[in-house]
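Novice: Can you make the complete structure from the sequences, with help from the hints?
Residue-level listing of the chains:
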Amino acid sequence: MAEQHPSEVTLLSYIEDELIPGTRQDVAEHLVTCRECADHVRRLEAGRTALRSAPPLELSDERRARIFVELPDREPRRSLSDYVRRGLLIAAPVAVAAALAAVVFTTDPQLGGGDDDDAGEAADAGGDAAQAEEGGVEMLSTGADDATLPQGTLVRNVAGPASAVVNALAAEGIDAEVNEDGSVTAQGRAADVRTALEGRPSGIVAVYVR
Amino acid sequence: MDPDEELVRRAQKGDRFAFERLVAEHEQRMYTLAARVLGSREDAADAVQEALVRAWLALPRFRGDARFSTWLYRIVVNTSHDLRPKRREPPTDELPEPADPRDRFAEQELSGELQRALDALDETYRVAVVLYDVLGCSYAEIAEMTGVAEGTVKSRIFRGRSELAQRLGTAVHETESNQ
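Residue numbers (the working numbering), protein chains in the order written: chain A, 1 to 210; chain B, 1 to 179.
None of these hints come from the bench; they were simulated from the model.
Even for Gly, the Cβ is constructed at its ideal location relative to N, Cα and C.
One should not assume that every hint holds.
Unchecked claim - Facing chain A, from chain B, some residues (calculated, C-beta under 10 Å):
hint : residue
1    : F19
2    : E20
3    : A24
4    : Q28
5    : R67
6    : S69
7    : W71
8    : V77
9    : G151
10   : K154
11   : S155
12   : R161
13   : E163
14   : L168
Claimed, not checked - In silico EDC-like pairs for lysine to aspartate or glutamate, Cα to Cα no more than 20 Å straight-line:
hint : chain 1 : residue 1 : chain 2 : residue 2
15   : B       : K13       : A       : D73
16   : B       : K13       : B       : E97
17   : B       : K13       : A       : E180
18   : B       : K13       : B       : D2
19   : B       : K13       : A       : E70
Specialist: Structural data, given as structure tokens:
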């Protein structure tokens, strides 16, 4: 039986010295007798040497300055704490009313009770809402970052450009849009999106569904 | 912990100074990535500018699942991809000599034999070898940036390097035979 050649990944791992000793020894022995694989290894090493000799490149000061001058204003985004805060604002009058009711309730000897904790919490809720409103940016920052929506669930990566992917999806009746990072988010079921993109080759435009 | 975390948090709240400091950390690598993928100094500067605008606008939605640098380079890869079909720089002999020494150096590098061989590669191979060998990203980071499995990344590096070496070898051979 003819000897099996190491895979591309194994040969790359050999060059990068990422194999465990036993496997490395097996590949080394194979390379002694297999000219085809030895040629692969030589090309991999030559390609690596050429690429790693490429120096870093730098923007000119003039161009760098222009980039920051032209950075647009960012629309303030609504985060979860915005909605929480709004909820509290709506809840505040209700809480105050509840607190008053509780006071009336607990001062009525006929009805008994006397536990003021609930009333206190309700009043606190109203106070928190008012404080949150005054707190502005600082209040918004607390835990808000984790609450923003993701792009959706990744379906697959297809050849671009992203606008062509959106058009291809639209042709199948699926709404989609290009995100700021060049990925695409489609509205619908993952299976439908996958089917709509079946004929499209793989590439670097990530397609998500939400 | 992501070393950029604190600056990212501030930039997410709209602190432009924090964003500029973040960019200063990564700008050279962003530009090198775009320049090697696009093969053009001007197109690369446009790609970096576009990527930074996209990053700035999308930053509030960055959740920190990946390192900030990985997220940023991913945007550069996508922006470069979007720019590539639209832009073709005219031959360099029609352009005036750049005034800035960094531009002159980039111009010289991007008109060299290595860049011609890179330009001839399939885009997915080119992106993989530039990220791995030129920028020194890990397989996992490249997989994250390009949305493919690590095995696919390795396969692309294998093929990209191999084809590049063949093209460089051919170029040398042709040069020798023409002399």
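Novice: Any hints from earlier that this structure breaks? Give me their numbers in increasing order, please.
Specialist: 5, 6 and 16
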